[in-house]
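Enquirer: This is what each chain is made of:
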Amino acid sequence: MKKIKKRFKVVLVGLIAFAIAMIVDKIFEPSNNVTLIMFLVVYIIVGNDVVRSAVHNIIRGQLFDEQFLMTLATVCAFLVGAYPEGAAVMLFYQIGELFQSYALYNSRKSISELMDIRPDYANVIRNGEIEKVSPDEVHIEDIIVIKPGEKIPLDGVVTEGSSALDTKALTGESMPRDVNSGDEILSGCINLTGNLSVKVTKSFGESTVSKILDLVENAGNKKAKTENFITKFARYYTPIVVICAVALALVPSFILGFDHFSTWIYRAMIFLVVSCPCALVISVPLSFFGGLGASSKQGVLVKGSNYLEVVSKIDTVVFDKTGTLTKGTFNVTKISVAKDFPDLYEEDLLKYAACAEFYSNHPIAISLRKAYGKVIVDSQISGVEEIQGHGILANIEGKQVLAGNAKLMKKYQIEFIETDQVGTVVYLAIDGKHSGYIVIADEVKQDAVHAIAALKKAGIKNVVMLTGDNKEIAEKIANEIGITKVYSELLPQDKVMKLEEIMSESQSGTAFVGDGVNDAPVLARADVGIAMGGMGSDAAIEAADIVIMTDEPSKIATVIKISKKTLKIAKQNIVFALGVKLIVLVLGALGMASMWLAVFADVGVSFIAIINSMRAMKS
Amino acid sequence: MKKIFKLEDLDCPNCTAKIEVDVTKIDGVESAAINFLSQKMVIECDESKVTEIAKLIKKIVKKYEPDVEMIEL
Numbered sequence: 279m280k281k282i283k284k285r286f287k288v289v290l291v292g293l294i295a296f297a298i299a300m301i302v303d304k305i306f307e308p309s310n311n312v313t314l315i316m317f318l319v320v321y322i323i324v325g326n327d328v329v330r331s332a333v334h335n336i337i338r339g340q341l342f343d344e345q346f347l348m349t350l351a352t353v354c355a356f357l358v359g360a361y362p363e364g365a366a367v368m369l370f371y372q373i374g375e376l377f378q379s380y381a382l383y384n385s386r387k388s389i390s391e392l393m394d395i396r397p398d399y400a401n402v403i404r405n406g407e408i409e410k411v412s413p414d415e416v417h418i419e420d421i422i423v424i425k426p427g428e429k430i431p432l433d434g435v436v437t438e439g440s441s442a443l444d445t446k447a448l449t450g451e452s453m454p455r456d457v458n459s460g461d462e463i464l465s466g467c468i469n470l471t472g473n474l475s476v477k478v479t480k481s482f483g484e485s486t487v488s489k490i491l492d493l494v495e496n497a498g499n500k501k502a503k504t505e506n507f508i509t510k511f512a513r514y515y516t517p518i519v520v521i522c523a524v525a526l527a528l529v530p531s532f533i534l535g536f537d538h539f540s541t542w543i544y545r546a547m548i549f550l551v552v553s554c555p556c557a558l559v560i561s562v563p564l565s566f567f568g569g570l571g572a573s574s575k576q577g578v579l580v581k582g583s584n585y586l587e588v589v590s591k592i593d594t595v596v597f598d599k600t601g602t603l604t605k606g607t608f609n610v611t612k613i614s615v616a617k618d619f620p621d622l623y624e625e626d627l628l629k630y631a632a633c634a635e636f637y638s639n640h641p642i643a644i645s646l647r648k649a650y651g652k653v654i655v656d657s658q659i660s661g662v663e664e665i666q667g668h669g670i671l672a673n674i675e676g677k678q679v680l681a682g683n684a685k686l687m688k689k690y691q692i693e694f695i696e697t698d699q700v701g702t703v704v705y706l707a708i709d710g711k712h713s714g715y716i717v718i719a720d721e722v723k724q725d726a727v728h729a730i731a732a733l734k735k736a737g738i739k740n741v742v743m744l745t746g747d748n749k750e751i752a753e754k755i756a757n758e759i760g761i762t763k764v765y766s767e768l769l770p771q772d773k774v775m776k777l778e779e780i781m782s783e784s785q786s787g788t789a790f791v792g793d794g795v796n797d798a799p800v801l802a803r804a805d806v807g808i809a810m811g812g813m814g815s816d817a818a819i820e821a822a823d824i825v826i827m828t829d830e831p832s833k834i835a836t837v838i839k840i841s842k843k844t845l846k847i848a849k850q851n852i853v854f855a856l857g858v859k860l861i862v863l864v865l866g867a868l869g870m871a872s873m874w875l876a877v878f879a880d881v882g883v884s885f886i887a888i889i890n891s892m893r894a895m896k897s
Numbered sequence: 069m070k071k072i073f074k075l076e077d078l079d080c081p082n083c084t085a086k087i088e089v090d091v092t093k094i095d096g097v098e099s100a101a102i103n104f105l106s107q108k109m110v111i112e113c114d115e116s117k118v119t120e121i122a123k124l125i126k127k128i129v130k131k132y133e134p135d136v137e138m139i140e141l
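Protein chains in written order, with this note's numbering: chain A, 279 to 897; chain B, 69 to 141.
Incorrect hints may have been included.
What the hints assert, rightly or not - Which bits of chain A does chain B cover? Going by a derived footprint, with three or more residues having C-beta under 8 Å, they are:
#	region
1	430-444
2	562-571
3	612-618
4	831-838
Claimed, not checked - Simulated restraints, written as ranges between beta carbons of each label pair:
#	chain 1	residue 1	chain 2	residue 2	range
5	A	Val-524	B	Asp-77	29 to 35 Å
6	B	Leu-141	A	Leu-293	37 to 43 Å
7	B	Leu-141	A	Glu-721	44 to 50 Å
8	A	Ile-418	B	Glu-140	50 to 56 Å
Claimed, not checked - Pairs of lysine to aspartate or glutamate, EDC-like flavour, derived with a Cα cap of 20 Å:
#	chain 1	residue 1	chain 2	residue 2
9	A	Lys-739	A	Glu-779
10	B	Lys-108	A	Asp-327
11	A	Lys-287	B	Asp-135
12	B	Lys-131	A	Asp-492
13	A	Lys-281	B	Asp-90
By construction, these hints were calculated from the structure, which means they are not laboratory data. For every residue, glycine included, the Cβ atom is placed at its ideal position computed from N, Cα and C.
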């Protein structure tokens, strides 16, 4: 910012001085020497720091940089008698640089604001008093206090209080999330309404916020092919154009005679001004950074520009099932009461099941109690007997209740019809009579159907599901969400093999989306590994190239769209900058371009390219 | 070992690319990457030579961008 302010002053004073010089020159038409002195003064005002650093660079053996080229071009302009142009080119170069650094400053600021989730302090309780310390001084098991409006500095479990959390920075989700005592909370969220006491479960370095910041800050280090191409290109571009300039200055004069020597020098100067590659070199990484920013805003963390480039080209997406397309948690999906029990409601059936499973810690028991949701009076339950591999026999409200699988019903010789529902089925019998069944199954994520449709719309030709689950469940779920290719009952090592098989059929790249620990090798093997960050394991997130913080599969289509847009903008910038420069070079060689146009081709083009790059940030 | 430097006021992308190439050539530096937007340079280098490497990097930075301030992080 200091540099920008300094340059702004130089430009302002320079503009006024230049205007005065032009007016004096036009009205009084002074002698050649007076004009020279006037414009030389203007030149020194606007260009002294450029000339100085050019000299400085030459001493350090650093030729062909921007300052040197500008100095050479303007000095030559003065030598051939084009005084106003000599001063004006320097002035416009400074104005262009000013705009360019301001645009750069702004884009840096908006991108860093996007990443502004680093907590500055933590209120930790030490010896009964609240102490404000740096988050990395807090230990595991410490109790920290978070007031409304403060950022959550470390991951932990709420021990006291309830509040709503703004999780936007982590997940892109704008609805606040309610938390109560006992809930786990993640650092990087903002506490909105109430005071919270939190027991810290992870040190700062291991906390979510540090991991995300690390990931985002290092994202720019992995460069896309387009980026590498352009920096390489720039290394040859400048020397070549400078050599052309020298040739343009000398060759025609040697052939046609030195009568028009100054004309050819002027044209060569245009080459020098246009030879700076900054517009190219700046706009491409900036576009990619904008794309990375746009993805983070949507709750998708991309670990490098190179992955953004790869993801824009993929034609195949392979999904894991559990936890990726489905919620990965088991819920009651169907309650069916037998016809012979007209007085029995679904609610009652669920109550009997929940009571029977009251003492069990089996996942099925937990989801039954969760579905019932009411307080269970344990004095009503007696004589609970667990029959291994079958189910439970219990006495509830004076009735004998059997709850378990089909084997249990058969064992007690209860007449019932076996259902073909997919999932885990709990059959119930009350006083020796079949009374219905409850189905517990993993649920498809809300946006899964939309996610697959959006992928196909985004140009993905092949969508595949891999799962370790049994064929029936896999096919039912695939059918529900619109996936036609399913491979089920796969062991972890089979998944890698299957993926390789699918990859060999893909034309332009394959993405794998997963969440579990056993997905890590598959994630690493795919062209792009995408992990569900919210519920995914640390290993999966580590192995993945893209992390979806919201756990929504529909974000894959979003990130593909962002990546395509980013690549398009980067290409536009390359074509635009190179195109304009090439045109000006040709016009300059033919004597149809002025120095003014050349300055536009240098700084004007960079400025426009920067503005264009920032479009990548808006999604 | 991994070392991070902040390059304040870095605003010429072309110079950035040149700095990156030259730093990679320093003896003992395995890799160097400059993130132009966060103005940070991350290098992988030989731990025993770290002070010399830092000095050489400073020299390179000053050569291409005299206005840039290099801070060790």
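Enquirer: Give a verdict on every hint.
Expert: Evaluation of the provided hints:
1. 430-444: violated (count 0)
2. 562-571: It holds, with 3 qualifying residues against the three required.
3. 612-618: violated (count 0)
4. 831-838: Since 0 is below three, the answer is violated.
5. A:Val-524 <-> B:Asp-77: 29 to 35 Å: At roughly 33 Å between Cβ atoms, Asp-77 of chain B and Val-524 of chain A fall inside 29 to 35 Å, so the hint holds.
6. B:Leu-141 <-> A:Leu-293: 37 to 43 Å: holds, 40 Å
7. B:Leu-141 <-> A:Glu-721: 44 to 50 Å: holds, 46 Å
8. A:Ile-418 <-> B:Glu-140: 50 to 56 Å: Violated: the Cβ-Cβ distance is about 30 Å, outside 50 to 56 Å.
9. A:Lys-739 <-> A:Glu-779: holds, 16 Å
10. B:Lys-108 <-> A:Asp-327: violated, 26 Å
11. A:Lys-287 <-> B:Asp-135: holds, 18 Å
12. B:Lys-131 <-> A:Asp-492: violated, 30 Å
13. A:Lys-281 <-> B:Asp-90: It is violated: about 26 Å lies between the C-alpha atoms, which goes past 20 Å.
Of the numbered hints listed earlier, those contradicted by the structure are 1, 3, 4, 8, 10, 12 and 13.
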